[in-house]
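Residue numbers (our numbering), protein chains in the order written: chain A, 1 to 653; chain B, 654 to 816; chain C, 817 to 937.
Derived from the structure by calculation, the hints contain no laboratory data.
Values in this document were obtained by computation on a predicted structure and should not be read as measured data.
There's no promise every hint is true.
Far from chain C, by Cβ distances over 10 Å, these chain A residues were calculated [said to hold, decoys possible]:
(1) D188
(2) E190
(3) R299
(4) R356
(5) G640
Label pairs and their in silico Cβ distance ranges [as the list claims (entries may be wrong)]:
(6) B/L759 x A/T628: 24 to 32 Å
(7) A/N437 x B/P727: 48 to 56 Å
(8) C/A903 x A/E180: 16 to 24 Å
(9) C/R839 x B/D765: 58 to 66 Å
(10) A/R290 x B/T762: 32 to 40 Å
(11) C/A903 x A/A111: 21 to 29 Å
(12) A/R290 x B/E729: 26 to 34 Å
Heads up, the beta-carbon is just placed ideally off N, CA and C, and yes, glycines get one too.
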Amino acid sequence: MDDDMMAVFRQEATDLIESLERGLLDLSDQPGDRDLINAVFRDLHTIKGSGAMFGFADMAAFVHAFESAFDLLRSGQAAVTPDIIRLALEARDEIIGFLSEQADPDGRRAAILAALEAAVGATGNAVGTAPLPEAAPTGQAHRLWFRLTGNALALGARPDLLLAELRELGATDIRADLSEVPALDALDPEVCMIGWSMDFPNGITRDAIDNVFLFNDVDLRLEAPQAAVDRVPVAASDPVPVAEPVSAPARKPSEEGPQADKGGATMRVAAERLDHLMDRVGELVIADARLLQLAQQSRDPALMAAAEEISRLAAGLRDTTMRIRMVPVRSMIGRFRRLIHGLSETIGKPVSFIVRGEETELDKTVIEQLADPIVHMLRNSVDHGLESPADRAAAGKPAEGRIMLEAEYSGAEVVIRISDDGRGLNRDRIRAKAIANGLIGADTILTESAMNALILEPGFSTAESITEISGRGVGMDVVKKTIEGLRGSIEVQSVEGRGTTFTLRLPLTLAIIEGLLVEVAGERFSIPLAAVQEIVELPADRIEEDGSSDFLDVRDRLVPLVRLRRMFSSPGAPGEFQTVVIVRAGETRAGAVVDRIIGTNQIVIKQMSRLHSGVRAFSGATILGDGTVALILDVPHLAGVGQGVEDRRGVAA
Amino acid sequence: MTNIVELKPAALMTVVTMRLGRQMLAIPASALREILDPLPVTRVPTADRSVSGVINVRGAVVPLAELRFAFGIPEEPRTDASKMLVVEVELADEPMIVAISADAVLEVTELDRATMEALPPKGSSWPHAFVQGVFRTKKGLLLLPNLSNIFASLASASGTAAA
Amino acid sequence: MTKTVLAVDDSPSIRCMVAMTLREAGYEVIEAADGKEGLEKALSHHVDAILTDQNMPNLDGLGFIRAFRQHPESKGKPIIFLSTDSADTLKQQAREAGAMGWMVKPFTQPQLLAVIKKVLG
Chain A
1 MDDDMMAVFR
11 QEATDLIESL
21 ERGLLDLSDQ
31 PGDRDLINAV
41 FRDLHTIKGS
51 GAMFGFADMA
61 AFVHAFESAF
71 DLLRSGQAAV
81 TPDIIRLALE
91 ARDEIIGFLS
101 EQADPDGRRA
111 AILAALEAAV
121 GATGNAVGTA
131 PLPEAAPTGQ
141 AHRLWFRLTG
151 NALALGARPD
161 LLLAELRELG
171 ATDIRADLSE
181 VPALDALDPE
191 VCMIGWSMDF
201 PNGITRDAID
211 NVFLFNDVDL
221 RLEAPQAAVD
231 RVPVAASDPV
241 PVAEPVSAPA
251 RKPSEEGPQA
261 DKGGATMRVA
271 AERLDHLMDR
281 VGELVIADAR
291 LLQLAQQSRD
301 PALMAAAEEI
311 SRLAAGLRDT
321 TMRIRMVPVR
331 SMIGRFRRLI
341 HGLSETIGKP
351 VSFIVRGEET
361 ELDKTVIEQL
371 ADPIVHMLRN
381 SVDHGLESPA
391 DRAAAGKPAE
401 GRIMLEAEYS
411 GAEVVIRISD
421 DGRGLNRDRI
431 RAKAIANGLI
441 GADTILTESA
451 MNALILEPGF
461 STAESITEIS
471 GRGVGMDVVK
481 KTIEGLRGSI
491 EVQSVEGRGT
501 TFTLRLPLTL
511 AIIEGLLVEV
521 AGERFSIPLA
531 AVQEIVELPA
541 DRIEEDGSSD
551 FLDVRDRLVP
561 LVRLRRMFSS
571 PGAPGEFQTV
581 VIVRAGETRA
591 GAVVDRIIGT
601 NQIVIKQMSR
611 LHSGVRAFSG
621 ATILGDGTVA
631 LILDVPHLAG
641 VGQGVEDRRG
651 VAA
Chain B
654 MTNIVELKPA
664 ALMTVVTMRL
674 GRQMLAIPAS
684 ALREILDPLP
694 VTRVPTADRS
704 VSGVINVRGA
714 VVPLAELRFA
724 FGIPEEPRTD
734 ASKMLVVEVE
744 LADEPMIVAI
754 SADAVLEVTE
764 LDRATMEALP
774 PKGSSWPHAF
784 VQGVFRTKKG
794 LLLLPNLSNI
804 FASLASASGT
814 AAA
Chain C
817 MTKTVLAVDD
827 SPSIRCMVAM
837 TLREAGYEVI
847 EAADGKEGLE
857 KALSHHVDAI
867 LTDQNMPNLD
877 GLGFIRAFRQ
887 HPESKGKPII
897 FLSTDSADTL
907 KQQAREAGAM
917 GWMVKPFTQP
927 QLLAVIKKVL
937 G
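Whole structure, please, built from the sequences with the hints as guidance.
So, in structure tokens, the structure goes:
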């Protein structure tokens, strides 16, 4: 058993334990679902089987008892109850303990099993593997006669192999018994009519013989020494069964299950290799853009056709590679459901957790970094968002609170909404807190959404009593930072008394994005297109900067202008026509003033060097079709600069 | 083989010498990845003038460092002799690729570490941390810069007043 | 000629262990993750013997054996039924479905080789 195999086993066990958890939680919502019970049973069965194979005998025994309990559910002798689910989840945790070779000094595992069995009404029935009886050869000569019966040949029996095995056991004087072989026209070639007899001069045990014929239907007689005189029995004294029809009983294979899609062959690949592949594809995309440009310059139709063909292939390869890196939201849901299940019990608030769109896929890196922020938000929702059952009753709401996680595609983004039907944000309290913390002035007037966004600010907390579960606001700034680090955004909507919704917008992938290429004083920059809301012309009378309050009225909303020429200390004066690219990061908008728009293109994001770690204006760089480098504007930074303009306006006002 | 090793004791160091203004600098061959004719430079607005641009080195975005500012050497217009030296240096224990601009690349030579001198405490405006040592050669004073220290100071301080 | 064994099991680790053991012993191994895939492979490839698990999604081991035995290609191909239960009823069912033999999990690599050697030589 080498390390590779062990690694395969551990990965498999991890997957199964995850699947088991999902199954159990699904089952708690749909206790009558037979498919779910079967799926749980199958997971347990596989864990048991491979666990035993890989030396986790204790775990296998534990899972066997666990499985036995579920067998009763499967056979309909017992019904799923919340208690069973709770105990089964505890038992599931113990499997992880077994795998990490944790001891169980308090006998917790036995207690869980006992409770589970009691809950299912099972009587403990431990498995017993019958040890093979061992008996030594007697030392006296034996004589053996045998003939394969039934459809042994069709099932794959090989008389030659059997005879070879018998020979190894010491058989001598092996003779064929052709007495039963019929005339040729009556011969069924699929039935073995030949018998064999042989001597075992040194004796042989019945067990050894049985072992040889372990897999065969056979007529056999093992005769003691005194009977050995009778060399070849003329006719078997046992009635020889009539040859059974060769074809197996017809039975339809069970219908293809709903999980057929899971049955596809999969292959595990080190994430690092995927990253390398992505890098290479990125380079290909760049080289391809370059080729396309050269081909167009050449005006050679054959070259252009070839370049376009390569372009098409490169695009296909890029999409396929990106798809390889996509992971469904489902992969983190188990953890969330478990969390809510646990929290709901701990703090005594019944919760129904509804998940929609769990098949929505995101880049692996995004999923990995998203799990913690979502856990934080869900904790907040259960702990602070939802009222106590009593308060809910008073508000005329059902006792059971509802938390919903929805994921869906929206263009090149994935939108994840986490909502609760709880009390909603208390704006008066947020306001008071923000004033106390100096986040806003006492007379500042804020829009509803700006007020909500305050809870995402560092060190903000409205919970009067911060429970041990979570402090509302504590860490929400970290959540925001993580989401923005993924080039996503977060928004809060809330209706007092009705609930709160967090909306996360995340890019599908981090490696290749659509960019808007702009020019500022002859230099080109790329702006992530997903962040671009609108492009408007800068009115002629606004070409020159307008003191401290540099705003543009866009559909009755004031957007602070960020003059890139000034920000980048670009040489020369702005031309007659300037364009404003309105970008949005979360709730904040800013209008980047550029000379002109060049177009949109696919950009492969390259990290900025550490030598540029102090440069906040750019989130990365990309290589354009002509081989030159263009910098990618950091949208949150731009929005922040815009916010600075807004703040200055506040001061000036 | 042993003879060759004996002929080239560890005290000898192979370097490429380059010129910035009127100053000669030595870049250890062990750190040098390649020497390129100047590539188009993309300016990085708001970045420190010592690392004010990036170039595309076969698909990688590499910062272009101007060592002249660290040593108070005046700027020169680009000529046919201008080159870019791509070096790999350790920064916080991680390798990093940086390109260095040179007004000219002179030669590949060997230096005996034993003849290296420390920077005189007076009479030099060069920051001591940026200099490993100097060599007196027939053609003049050859400066061996401490690239790691120079780049580390850039990494921690880059970014002039952003808007 | 190299003998080919089809290993049908939904557990990647067991498939991996079976495949590795048999390949080291000089057998060719084809893998399938459930009975449905097993049936497809058993009918589309030349196989000399089959090892199949019972509990699998889509089509379980017994179902797979029954379906396979309906095809004339199955004649003379030994099928070894792998099971975690040593219950005789299951063995009986497997035999009736058309399995030649069985192995109780857990088994060791030598045990596996002994069984394959027994049916394939």
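To see whether the hints hold, each was checked on the structure:
no.	hint	result
1	D188	holds, 13 Å
2	E190	violated, 7 Å
3	R299	holds, 51 Å
4	R356	holds, 25 Å
5	G640	holds, 48 Å
6	B/L759 x A/T628: 24 to 32 Å	holds, 29 Å
7	A/N437 x B/P727: 48 to 56 Å	holds, 51 Å
8	C/A903 x A/E180: 16 to 24 Å	violated, 34 Å
9	C/R839 x B/D765: 58 to 66 Å	holds, 59 Å
10	A/R290 x B/T762: 32 to 40 Å	holds, 38 Å
11	C/A903 x A/A111: 21 to 29 Å	holds, 28 Å
12	A/R290 x B/E729: 26 to 34 Å	holds, 31 Å
Hints 2, 8 from the earlier list are contradicted by this structure; the remaining hints agree with it.
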